Amino acid sequence: PSLPGEGFFLPAKMAAPLAVVLIVAVTIRAVLFRSSLAELIAQRVEVVSPLNAWKRVVEGLALLDLGVTPYSGDVFHETPLIIYLFHFVIDYSEFVFMIADGITAVALYLAVQDYNKIVFRKQKYALEADRYPRDVLELIQTPKDMYYIPLKVALFYLLNPFTILSCVAQSTCGLNNAVIALFILCTIKGSAFLSAVFLALATYQSIYPITLFAPALLFLLQRLYIPVSLHCPRFWVQALQYGVMFLGSLVVIVCLSFFLLSSWDFIPSVYGFILSVPDLTPNIGLFWYFFAEMFEHFRLFFLCVFQINVFFYIIPLSIKLKEHPVFLMFMQIAIISIFKSYPTVGDIALYMAFLPVWSHLYRFLRNIFLVSCVLLACSALFPVLWHLWIFAGSANSNFYYAITLVFNVGQILLVSDYFYAYLRREHHMAHGLYLKRKDGSEATLVLK
Amino acid sequence: RKLSVTRKMAACRCAVILLVVLIWGDFSLAPAESKRPEADAPPQPARDAADSFVKTEVPGAHDDGVPAQAGEEPVLGEAETLQPREPEPRPQDEFQEELVIRPLLSGDIYSSFQFRTRWDTDLLHQGKKVSHYRLFPKSLGQVISKFSVRELHISFTQGYWRTLQWGQPFLPAPPGAELWVWFQDSVTDVDGAWKELTNVLSGIFCASLNFIDSTNTVQPSASFKPLGIGNVTDQRFLRYAVLPREIVCTENLTPWKKLLPCGSKAGLAVLLKSEKLFHSSFHSQAVHIRPVCQDGQCSRTSWELRQTLSVVFDLYASGQNKKEWSLFKMFSRTLTEPCPLASSSKVYVDVTDNPQGELFELSPATSTLSQAVVLGDRRTYSVYDLRDPESFGILRSLNVLLKWKGQDNGDMLRPLLHAERYVGGYGLQTGDIHTLIYNHHPFRAFPVLLLETVPWYLRLYIHTLSVTSKGHENKPSYIHYQPSKDRLRPHLLEMLLQLPPNSVTKVTVQFERALLKWTEYTPDPNHGFYVGSSVLSALVPSVVAMDTNSTNDRPLFSSFFPCLEESGYFMRVYTEPLLVNLPTPDFSMPYNVICLTCTVVAVGYGSLYNLLTRTFQVEEPSGGMAKRLANTIRRLRGVPLL
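If you read the sequences in order, they're chains S and E.
With the working numbering, letter number 235 in the first sequence gets 388, and the count goes up by one each step, no holes.
With the working numbering, letter number 145 in the second sequence gets 156, and the count goes up by one each step, no holes.
If you're looking for bench data, these hints aren't it; they were derived computationally from the structure.
Warning: the hint list may mix true and false statements.
[As the list claims (entries may be wrong)] Stretch by stretch, here's where chain E covers chain S in the computed footprint (C-beta under 8 Å, at least three residues):
#1 210-219
#2 278-289
#3 292-305
#4 519-530
#5 551-565
These numbers were taken from a predicted model, which means no experiment stands behind them.
Ideal Cβ positions, reconstructed from N, Cα and C, are used throughout, including at glycine.
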């Protein structure tokens with residue numbers, strides 16, 4: 154079978170629709186910024202967490218003005234670079250957040266475009282080498298299918314209500330997303346140095362992205378056709394090189410922060426705060442109510458278990474998905490946003506932007522309808538139950554807690570469903586779509 | 012209430028421990044103590060009378076700091092002059108007691124007791140162990156020397172002082188317990204000393220002061236300056252804490268009375284009966300210890316202990332709606348004798364509003380009048396000297412009776428400075444603290460220092476602080492802000508505000524309510540959490556100086572420049588404490604929450620584990636239960652399987 158050439162991936166053709174999406178997104182945000190809703194949104198616990206609330210950034214700047222170190226209190230938990238950024242652009246903060254969203258969308262757009270080219274090339278070689286079974290041709294992504302995916306990714310990110318809310322609330326989560334998106338772009342473009350720098354920046358902002366080191370390294374290795382083998386010296390050289398670049402930039406950034414405020418106070422105040430979860434303000438995550446109700450002598454144990462839970466999945470996932478680093482990246486970003494200590498809807502928006510990239514998995518998804526309904530219903534119920542608990546007094550904390558549980562189960566099902574579908578498609582690509590039993594009857598696939 | 016009982020019980024347990032500590036301390040001091048006279052030992056009225064002289068002391072006027080006996084050298088006994096090892100003059104401890112009764116125009120009555128004990132021992136410079144106690148209570152003396160305390164102020168208050176109805180109190184105090192201590196600059200571990208001191212005081216006063224920890228202790232930079240001599244003003248040595256939830260009752264009064272030289276057996280203290288004192292609108296008892304000068308040159312220092320007790324009896328609750336007050340009606344006791352150890356023992360009745368007896372009738376009548384400027388206002392008092400046997404009359408008992416004549420009382424002079432505070436906003440997420448500060452002076456602006464201590468679980472946002480007077484922004488000229496640390500330290504906000512004349516200044520700051528761990532809530536979490544009173548300290552222009560047009564009873568040449576004494580006075584105003592609700596978790600389900608959350612994490616782990624460790628395989632029909640059973644039997648029989 155013949156496939157059309159790479160002309161489909163010319164960026165110039167898609168620039169106009171992307172610009173339209175950007176303009177629409179900026180307009181929506183600008184309107185919301187000017188409306189009375191902005192203040193309401195900025196107070197929503199689903200949208201802002203103690204880590205990234207805009208109110209706390211302003212408070213940090215006010216403390217600096219009063220001559221008090223912002224980290225001497227327990228209100229401000231942003232990194233020193235953020236406070237210095239906003240020290241200069243405080244008056245244009247709305248633009249900063251809109252630009253950050255724009256950068257994220259464009260970076261994801263370009264990254265996915267490149268990724269699609271890679272996928273296309275891989276498929277082409279495999280087809281030419283006749284490595285696919287005959288009956289999987291309908292599973293192959295055609296350039297026609299892939300044509301609109303980058304645009305859809307940008308659209309999914311920019312017009313996702315979660316992103317819009319996060320941007321209007323001026324949650325600094327938008328900036329973290331921009332850094333991660335740039336990291337993905339640089340990785341996919343193959344620039345190891347910039348990738349390491351942005352990864353270091355993302356790690357510096359919120360620790361958890363350190364786990365993205367593994368997929369980035371796997372991708373860079375794959376790009377250079379270096380096998381992932383512990384016996385291969387080129388693997389070690391490349392890993393060491395990337396690791397040194399990452400650590401070097403991290404050290405530079407941390408030292409720069411030290412010189413900006415000439416104290417190490419930010420380390421316990423930012424990273425200690427993320428890891429030890431002292432602030433139990435309700436959010437959409439699993440930590441707050443669990444640790445509010447925890448027995449004091451088990452607190453440290455469960456804290457360790459829950460934090461290890463976020464970091465640990467990257468090891469088995471990288472082993473299982475070492476051939477598919479971009480999907481691994483998606484999985485890990487999703488796991489971080491589900492299990493991190495102070496999640497907000499902005500984190501969810503980032504991994505949801507990747508869903509169009511996996512649109513070819515749609516036929517293997519088992520419960521996408523149920524999951525979408527759960528996520529939609531929960532998003533609507535969050536403000537309702539919050540109102541009942543906090544303002545009306547007719548419900549208690551369990552109501553809101555129950556919704557966070559359901560919402561997280563929904564997210565877990567969504568992610569594991571995509572994981573299942575991805576593995577299943579890979580299996581079909583290797584063994585054929587219509588599998589037969591030994592006796593010739595139609596077979597069903599099971600996990601064993 | 013139940014909580015307070017348990018806290019009190021804890022405090023009493025502390026008291027027992029403390030007693031053990033003190034007894035042990037006594038043993039270590041025992042040899043030197045053999046000749047120590049007890050407070051209830053036979054008094055020496057004759058010598059005391061010779062030592063003291065009648066002083067025109069102003070009732071209620073505070074902070075004079077000048078010793079009463081300046082320059083008077085006592086005649087030493089022959090035996091003492093022969094002792095070569097005692098070059099210093101013999102200690103001249105002194106005790107004074109007084110009661111001020113101020114009828115309030117609302118029909119209520121305000122009684123304020125002050126007991127002043129002076130202890131001529133120089134702990135500050137010698138640092139030696141003192142084992143000789145005469146009038147000064149030993150428990151407090153040991154506390155001062157052990158913890159190197161320079162000043163100690165402690166008050167227990169039940170009820171809120173209603174400034175607008177009652178005017179200014181002689182000694183203001185916030186509801187609950189307040190403690191502030193200046194340590195000497197030789198103390199290295201101030202926090203450790205403070206921790207230990209609060210526990211010891213908790214035992215001495217049988218109060219929950221042991222609940223003072225780093226989360227409610229602050230170091231104000233300007234609001235609390237030392238009241239005694241000494242110029243250490245480094246705030247590192249100051250600790251200030253308020254327990255607004257503390258409930259004051261009999262068990263706090265009894266140990267307080269035991270500190271008096273005469274106990275409650277003689278003198279004014281016989282009036283202090285708890286069943287009456289706590290049946291009142293306002294009750295405040297305090298202990299103030301500070302170093303004062305021993306003589307005019309201030310070459311030596313003494314310790315001054317002031318024990319004060321103020322009580323406001325309500326017209327309707329205690330007075331049966333009859334505007335007729337007597338000592339017997341208030342305290343169900345009358346006075347029969349002064350404390351024999353006291354060098355002065357007086358009862359003052361404020362008759363300023365009643366110069367010709369048109370408002371109320373005072374009996375027994377007394378001709379002794381005393382004038383004083385109290386809190387910037389010139390007051391006149393009728394004085395009953397208990398050391399004068401004539402005061403008791405033929406009945407051998409003094410029962411001062413105040414009988415109001417008319418129903419119409421006229422208007423009280425509004426206090427120049429007062430403040431209100433409340434919480435704004437709705438819901439359990441955020442809120443604002445509003446403080447309204449009133450300056451009622453018609454033409455003069457004056458600065459006030461505002462001190463706010465807010466617990467960490469109300470997260471203040473200092474950038475939302477707004478100060479407005481008369482519709483304009485009023486920028487504070489000084490702000491000292493210390494942000495809170497979760498579970499470690501409260502917010503401290505101190506600022507200097509200029510109050511324009513005849514204005515209301517509104518200070519607003521937003522806060523966010525934190526969700527706490529379930530063990531951090533008080534036993535009745537939906538009652539709310541108390542936030543201590545904010546403190547206003549101000550140098551208020553005097554009421555006397557306010558009247559620039561008055562020429563009565565003053566020579567003309569004295570009235571052009573307001574003289575220094577009358578131009579301003581220091582005043583401290585406490586606002587209401589706040590009661591703030593916090594969002595609460597469901598206390599009944601920690602197990603459920605742990606199980607459910609862990610289940611969700613396990614769902615995530617399980618589904619990923621499943622996909623990570625298993626591979627896709629074509630399902631081969633393995634047959635039903637019957638077939639497997641048959642195959643097992645066939646295997647045993649050695650026959651080919653089905």
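Against the structure, test the hints numbered earlier, and report the numbers of the ones violated in rising order.
Checked against the structure, the hints that fail are numbers 2, 3 and 4, while the rest are satisfied.
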